[in-house]
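The listed protein sequences correspond, in order, to chains A and B.
Heads up: the first sequence begins at 1096 in my numbering, then just goes up one per residue.
Heads up: the second sequence begins at 8 in my numbering, then just goes up one per residue.
Derived by calculation from the structure, the hints in this document are not laboratory data.
These numbers come from a predicted model, not from an experiment.
Wrong hints could be hidden among the right ones.
Have a look at the derived ranges for each label pair, beta carbon to beta carbon [stated by the list, open to error]:
| no. | chain 1 | residue 1 | chain 2 | residue 2 | range |
| --- | --- | --- | --- | --- | --- |
| 1 | A | D1156 | B | A68 | 14 to 24 Å |
| 2 | A | A1196 | B | G48 | 53 to 63 Å |
| 3 | A | R1195 | B | G49 | 50 to 60 Å |
| 4 | B | D30 | A | E1118 | 56 to 66 Å |
| 5 | A | R1142 | B | G48 | 25 to 35 Å |
| 6 | A | T1101 | B | R11 | 21 to 31 Å |
| 7 | B | K9 | A | D1106 | 39 to 49 Å |
| 8 | B | P32 | A | D1183 | 42 to 52 Å |
| 9 | A | D1116 | B | G48 | 52 to 62 Å |
Short, incomplete list of chain B residues facing chain A, as computed with Cβ under 8 Å [stated by the list, open to error]:
| no. | residue |
| --- | --- |
| 10 | F15 |
| 11 | L17 |
| 12 | Y66 |
By construction, the Cβ of each residue, glycine as well, lies at the ideal position given by its N, Cα and C atoms.
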Amino acid sequence: MHNALTRDPIDVAALLPLVGDPEDGAVLLFVGVVRNHNDGQSVNGMRYDAYVEMAERVLGDICREAAVRLGTDRLAVVHRIGELGVGDASVAVAVSSPHRAEAYDASRYIIEEIKTRLPVWKQEHYEEGGGRWLEGHVPQTGELA
Amino acid sequence: MKVRLLLFALYKDLAGLEEVEIDVPVGATGSNVVEVLRARGGGLARLPERPVIAVNREYAALDTELFDGDEVALLPPVAGG
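Work the whole structure out from these sequences, hints included.
Here it is as structure tokens:
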């Protein structure tokens, strides 16, 4: 199991050797990238901010939960922070398992949990100038407290 | 007692600061800390009354009791991925 936050560009291919096993028939790689539009506006970049110390811990929690679904601990997740351009990978998730169903399920679980509870924020930069922090999800703190 | 407050993203921009140490009475809760901060006025008054908070890097309810040296973070709705 590997998980990290990084300020450096994500080497997507480098995640694949971190997963996989002779008993695995499915290796799945998901890459989230910065797109050039959102809500009808042209986007030319994105800034990711994070509460790094907490995000590292939460990402570890998410990965451990995903490993239970996956049935293996063969997963690798990297989330980038800092200034990104269009087409840059913001997050990459690699998982492997004997069969594809568990791989798809665990991969989806990881990215959805990242979006709902990882303490990370993004600010879009627009082609016509300016930018704004994107509205996000409110983590369910009551239950977690 | 003293607690260390951290602000992120939109809240950091609103407040114009990302970290501050504040004095609160023994027994203070997360809500009390938010009140003290908002009462300072200016950009801080624009912070929400009931933000999501984390205490010592764990999500926590606003009525969580704080202790000397705690790290309290005010977290806007998250948007990773």
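Evaluation of the provided hints:
One distance hint, 14 to 24 Å for the beta-carbon pair D1156/A and A68/B, holds here, with the actual separation near 18 Å. Take A1196/A and G48/B: their Cβ atoms lie about 56 Å apart, and the range 53 to 63 Å holds. Distance hint check for R1195/A and G49/B: the Cβ-Cβ separation is about 55 Å, which falls inside the suggested range of 50 to 60 Å. Checked against the hint of 56 to 66 Å, the pair D30/B and E1118/A passes, with Cβ atoms roughly 58 Å apart.
The beta-carbon spacing between R1142/A and G48/B, approximately 28 Å, falls within the hinted interval of 25 to 35 Å. Taking the beta carbon of each, T1101/A and R11/B are about 25 Å apart, inside 21 to 31 Å as hinted. The hinted window of 39 to 49 Å between K9/B and D1106/A holds, with their beta carbons roughly 42 Å apart. Our hint of 42 to 52 Å for P32/B and D1183/A holds, since their Cβ atoms are close to 47 Å apart.
Checking the proposed 52 to 62 Å range against D1116/A and G48/B shows it holds: the Cβ atoms sit about 59 Å from each other. Because the beta carbon of F15/B sits about 6 Å from the nearest beta carbon in chain A, less than 8 Å, this interface hint is met. Contact between L17/B and chain A, as hinted, is supported at the beta carbon level, the nearest pair being about 4 Å apart and thus within 8 Å. Taking 8 Å as the C-beta contact cut-off toward chain A, the hint placing Y66/B at the interface holds, the least distance being around 4 Å.
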